[in-house]
Structures are given as structure tokens and as C-alpha cells.
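Can you make the complete structure from the sequences, with help from the hints?
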Amino acid sequence: AQSVAQPEDQVNVAEGNPLTVKCTYSVSGNPYLFWYVQYPNRGLQFLLKYITGDNLVKGSYGFEAEFNKSQTSFHLKKPSALVSDSALYFCAVRDGQGGKLIFGQGTELSVKP
Amino acid sequence: KAGVTQTPRYLIKTRGQQVTLSCSPISGHRSVSWYQQTPGQGLQFLFEYFSETQRNKGNFPGRFSGRQFSNSRSEMNVSTLELGDSALYLCASSLNERIHGYTFGSGTRLTVV
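Protein chains in written order, with this note's numbering: chain Y, 1252 to 1364; chain S, 361 to 473.
What the hints contain is simulated information worked out from the structure, not anything from laboratory work.
Zero decoy hints are in this set.
Taking lysine to any residue pairs in the SDA-like style, the calculated list, with each CA pair at most 20 Å apart, reads:
(1) K417/S <-> Q1253/Y
(2) K1300/Y <-> T463/S
(3) K1300/Y <-> R458/S
(4) K1300/Y <-> H460/S
(5) K1320/Y <-> S1254/Y
(6) K1273/Y <-> G402/S
(7) K1273/Y <-> L1333/Y
(8) K1363/Y <-> P1291/Y
(9) K1328/Y <-> A1338/Y
(10) K1300/Y <-> N456/S
(11) K1300/Y <-> G363/S
(12) K417/S <-> G1347/Y
(13) K1273/Y <-> L1307/Y
(14) K417/S <-> Q404/S
(15) K1273/Y <-> E1317/Y
(16) K1309/Y <-> I459/S
(17) K1320/Y <-> S1279/Y
(18) K1309/Y <-> H460/S
(19) K1273/Y <-> Y1312/Y
(20) K417/S <-> A1252/Y
(21) K1300/Y <-> I459/S
(22) K1320/Y <-> G1304/Y
(23) K1309/Y <-> T463/S
(24) K417/S <-> L448/S
(25) K417/S <-> V1278/Y
(26) K1300/Y <-> H389/S
(27) K1309/Y <-> R458/S
(28) K417/S <-> Q397/S
(29) K1328/Y <-> P1258/Y
(30) K373/S <-> N1292/Y
(31) K417/S <-> S1254/Y
(32) K1300/Y <-> L455/S
(33) K417/S <-> G1349/Y
(34) K1309/Y <-> L1333/Y
(35) K1363/Y <-> P1330/Y
(36) K1328/Y <-> V1308/Y
(37) K417/S <-> D1346/Y
Okay, structure coming up:
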């Protein structure tokens, strides 16, 4: 069965520093991986996806993610964090041929000035 | 371009009642998925519809049902509400889930008292 894990419940970063939010996955076949961000009392906003191609995926708001097949990881990164990046981040994998996404438990990112 | 619209945004119901939530996908999107988000269980897949047919179903009791109309709008229904059904219900749509990401609505916050 497909699954994703986000090993950190919370990540704290100082503004201006680089940030990494970790995600590992377990899939049979080729992985279709996604990162979403959620602000309080809001839905999920799409950041980026990996389906095929380059291992470094660039997304919205300056975020990028590195797909590593040997380590089965898909970590989210940003070179310089902003206070406004503080939110809940979800990694997800598509399960099967349809529209079912399996989400990690989420990582709370806190960026302090 | 309008996003995914969910109505209502907030809802308070009493145990034993039933509720219907609505989702209007982005124009042209035929795939609509529903998710339940709770602090304890995180984001869990409910079901997915494509061209008025249920394509995938999650592990929820039969009290949870859905449907999709010819204009791709979708509704989900929960009968005999329980306190544990209190959650944020999110709808997502996609033009082609093999190529594109999923766009989520802002959700419906259901509180069962």
C-alpha cells in the first residue's frame, strides 16, 4: 500500500535561513508526489508536484523539492524562509490510477523574525 | 478563473441529523474528490467521482455518500450524524490527475453537537 511519512511534527526556522520539511514515501510503481500548504481555517494550496523528469522540482512561492528515489524521499526546501511561510505543510502521494491522495500527518512550520 | 467553491463554509448540526455539502469544481474539471480532516486522523480520503461515476472510495461507513452531477458539481451527504463527524470537509478537483495537481476548496467546517 502507498504511504507517506513526515517525521517532524514541527520545524522551527529563523527568518532568512534555509528551511527543509522532510517527507519519505513508500509506493509500488512510479510515485506521483505532491506538497500542499494549509493556512489556518483554509483549504490546501498546491505548492508543487513530481510525476516524472528532473529530480529537482520548482514550485510556488520560491519552494522546491528534491526527489530522491534511492532514499525514497521528497523533501521540501526553500533557500530563505519568510515569516509568512509559517503554516501546516502536507506531503501526499497519489494512490492508484484515480484521484485518491494519501497524505502525511503534516508538519507545522514556524518561522520567527 | 474561479477556484473550487464549497458551500456552506460553516455548519452546525445536531446528532442524528443529516447534512449535505456542496462542491463546484473549476470549470472543465471532471474529477472531484472529497476528504475529511480532523486533528486526530489527519486528512482522509472519502471518495472520488469522475464523469458522474464513483471511481474510488475510502474506508468510511455507509452513512457517508456522494454523487456527481452532469455539470461536474458534487455533493456529499452524511446521515445520522455523530459527534465524531465534526471535521473540515475538503473538496478537490483536477483536470487530469496524471498530469496536473489537485485544486482544493476552502472547505466546509461541520460541527456536530
